[in-house]
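Enquirer: From first to last, the protein sequence lines are chains A and B.
Residues 1 to 141 (the working numbering) make up the first sequence, in order.
Residues 142 to 271 (the working numbering) make up the second sequence, in order.
These are calculated hints, taken from the structure and not from any lab test.
Be aware that one or more of the hints could be misleading.
If you want a taste of the chain B side facing chain A, the calculated C-beta under 10 Å gives, among others [as the list claims (entries may be wrong)]:
{"#": "1", "residue": "229"}
{"#": "2", "residue": "234"}
{"#": "3", "residue": "250"}
Simulated restraints on C-beta separations [to be verified]:
{"#": "4", "chain 1": "A", "residue 1": "18", "chain 2": "B", "residue 2": "190", "range": "20 to 30 Å"}
{"#": "5", "chain 1": "B", "residue 1": "211", "chain 2": "A", "residue 2": "78", "range": "40 to 50 Å"}
{"#": "6", "chain 1": "B", "residue 1": "205", "chain 2": "A", "residue 2": "92", "range": "51 to 61 Å"}
Backbone N, C-alpha and C define an ideal beta-carbon position, used for all residues, glycine too.
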Amino acid sequence: MRDSKSRIVLDTWVFLDASKSSKALLNQVRVGTLEVLVSAVTFAEIYSLLYRRVSQKDIERFRRNMERLDLRDVPVSKEIAEKGGRYKAKYGFSIADGIILATAVTVHAKILVTGDPDLEKIVEVRVASPEKTIGELGLTR
Amino acid sequence: MKPTAKGRLYTLLRNLDSDFHKGLLVSSHLFYSLWDGLVTKQTEIIRVDSKGRISIPRALREHLNLNQGVELEISENKGTIVLAPLAENPVDTIFDVLSRALPEGKTATEILHELRAEWDQDLDKEASRD
Numbered sequence: 001m002r003d004s005k006s007r008i009v010l011d012t013w014v015f016l017d018a019s020k021s022s023k024a025l026l027n028q029v030r031v032g033t034l035e036v037l038v039s040a041v042t043f044a045e046i047y048s049l050l051y052r053r054v055s056q057k058d059i060e061r062f063r064r065n066m067e068r069l070d071l072r073d074v075p076v077s078k079e080i081a082e083k084g085g086r087y088k089a090k091y092g093f094s095i096a097d098g099i100i101l102a103t104a105v106t107v108h109a110k111i112l113v114t115g116d117p118d119l120e121k122i123v124e125v126r127v128a129s130p131e132k133t134i135g136e137l138g139l140t141r
Numbered sequence: 142m143k144p145t146a147k148g149r150l151y152t153l154l155r156n157l158d159s160d161f162h163k164g165l166l167v168s169s170h171l172f173y174s175l176w177d178g179l180v181t182k183q184t185e186i187i188r189v190d191s192k193g194r195i196s197i198p199r200a201l202r203e204h205l206n207l208n209q210g211v212e213l214e215i216s217e218n219k220g221t222i223v224l225a226p227l228a229e230n231p232v233d234t235i236f237d238v239l240s241r242a243l244p245e246g247k248t249a250t251e252i253l254h255e256l257r258a259e260w261d262q263d264l265d266k267e268a269s270r271d
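Full structure from sequences and hints, please.
Expert: Written out as structure tokens, the structure reads:
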């Protein structure tokens, strides 16, 4: 396993943002430069969007290609759920935000990658956009 | 050794004494020669090792330009294993499929906030029922 220096957690935001930086970051995952973790909540959010508007065939195609990226999914354990509830109460953001922040804190992520301004105020873990993450980790585009 | 289907056909035709059957013999010989040529050019026997691995013969790798790191998609079709080079970049495909699922004209932040507001609305509804 890589050390925690290169371990990052991706917020759902990264998958909703089709910018060059988000794509470049996910391409880094593909070549194995980073250890990238994704909360089960993110998968639920993404699939809730896909199942509303996309055919089953495309969902299969999406799933197959996500598996090729070798992302590590992090289930919502009791520890993460409790922390998530605490962060929701502390910051007043959504339960999903709380769980994703709790995931990043629990796995000792170096960066929680998101472009969501709601998460900029948190102090428990470093938060950065995909572009800043690429710069801070010295990754090539 | 047990005679093959091809051997049995040749013997049968040889034993029949007519020009028609001799013609059949020549035709079948030509057919099998062509078939053997095609099969020997395209088929090679490989063995699965103890870990389930196989090696793609070098000539085939070079012919299809399968260099180290090339990803292949493996599937099964009526008892035949199909290995196909993956042409698509997974990241491009992921964003391509997602782009069709996302509401048009909205930023990632707007979509995310709507999605997360749904969670909390559902939780609020549950709470108000109690």
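Enquirer: Hint by hint, note whether the structure agrees.
Expert: Right, here's what the structure says about each hint:
no. : hint                      : in the structure
1   : 229                       : holds (7 Å)
2   : 234                       : holds (4 Å)
3   : 250                       : holds (6 Å)
4   : A:18 to B:190: 20 to 30 Å : violated (43 Å)
5   : B:211 to A:78: 40 to 50 Å : holds (43 Å)
6   : B:205 to A:92: 51 to 61 Å : holds (57 Å)
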